[in-house]
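Hey, can you work out the whole structure from these sequences and the hints?
Residue numbers (my numbering), protein chains in the order written: chain A, 1 to 113; chain B, 1 to 113.
Take these hints with a grain of salt, some might be off.
[Stated by the list, open to error] With a cut-off of at most 27 Å between alpha-carbon atoms, the simulated DSS-like pairs for lysine-lysine come out as follows:
#1 100/B x 71/A
#2 68/B x 52/B
#3 100/B x 57/A
#4 100/B x 70/A
#5 57/A x 71/A
FYI, nobody ran anything at the bench for these hints, they're computed from the structure.
Take a look at the letters that make up each chain.
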Amino acid sequence: NAGVTQTPKFRVLKTGQSMTLLCAQDMNHEYMYWYRQDPGMGLRLIHYSVGEGTTAKGEVPDGYNVSRLKKQNFLLGLESAAPSQTSVYFCASSYYGPYTEAFFGQGTRLTVV
Amino acid sequence: GNSVTQMEGPVTLSEEAFLTINCTYTATGYPSLFWYVQYPGEGLQLLLKATKADDKGSNKGFEATYRKETTSFHLEKGSVQVSDSAVYFCALSIIQGAQKLVFGQGTRLTINP
Numbered sequence: 001n002a003g004v005t006q007t008p009k010f011r012v013l014k015t016g017q018s019m020t021l022l023c024a025q026d027m028n029h030e031y032m033y034w035y036r037q038d039p040g041m042g043l044r045l046i047h048y049s050v051g052e053g054t055t056a057k058g059e060v061p062d063g064y065n066v067s068r069l070k071k072q073n074f075l076l077g078l079e080s081a082a083p084s085q086t087s088v089y090f091c092a093s094s095y096y097g098p099y100t101e102a103f104f105g106q107g108t109r110l111t112v113v
Numbered sequence: 001g002n003s004v005t006q007m008e009g010p011v012t013l014s015e016e017a018f019l020t021i022n023c024t025y026t027a028t029g030y031p032s033l034f035w036y037v038q039y040p041g042e043g044l045q046l047l048l049k050a051t052k053a054d055d056k057g058s059n060k061g062f063e064a065t066y067r068k069e070t071t072s073f074h075l076e077k078g079s080v081q082v083s084d085s086a087v088y089f090c091a092l093s094i095i096q097g098a099q100k101l102v103f104g105q106g107t108r109l110t111i112n113p
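Structure follows, in structure tokens:
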């Protein structure tokens, strides 16, 4: 039972490079989220999706783009990486409903130098 | 708006000590409340939840009671173990059009033998 799988687990980028983080879930969840985790800041929502073909901005969307072409996948893109985007990125998914919890991937540690 | 505030960390205790991690929330509506735990190098996983006022969530010896009158959801454990060392996140989920999931900043707990 894979749950939520993130790829890659670690990455080092140079300033200005681009990359895509992939999140895949096998639980048929409607909702998917991308968070970043920084020391002392908790989890901050970057973008989320309420279903296939839809995306919406979260708390800190600048510098990121997302796509959800298939229900099971949610991609996070950095078009031109900046050192401020050094962080640990978590993907999560959930059913739609007031009582449902989110399921998280293991995270991607990204360093931008 | 919706927000979650947790007690500042880090928290360091000796094995078998009593644990309390405070959590208060602000919500424009009736949220469900959650505690997630993050072990080193891993993603977040659900520890316990409560979906309405006066509900008590419990798991692995941890407990938290949904207190609407004080807008609180404090995490407690009577006797902590070294294996409880982790970061703990309080969170709320609420339906306002879309489903919103809001996290506190996390509290790092270290248990010494």
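Verification of the supplied hints:
no.: 1; hint: 100/B x 71/A; verdict: 19 Å, holds
no.: 2; hint: 68/B x 52/B; verdict: 8 Å, holds
no.: 3; hint: 100/B x 57/A; verdict: 12 Å, holds
no.: 4; hint: 100/B x 70/A; verdict: 22 Å, holds
no.: 5; hint: 57/A x 71/A; verdict: 18 Å, holds
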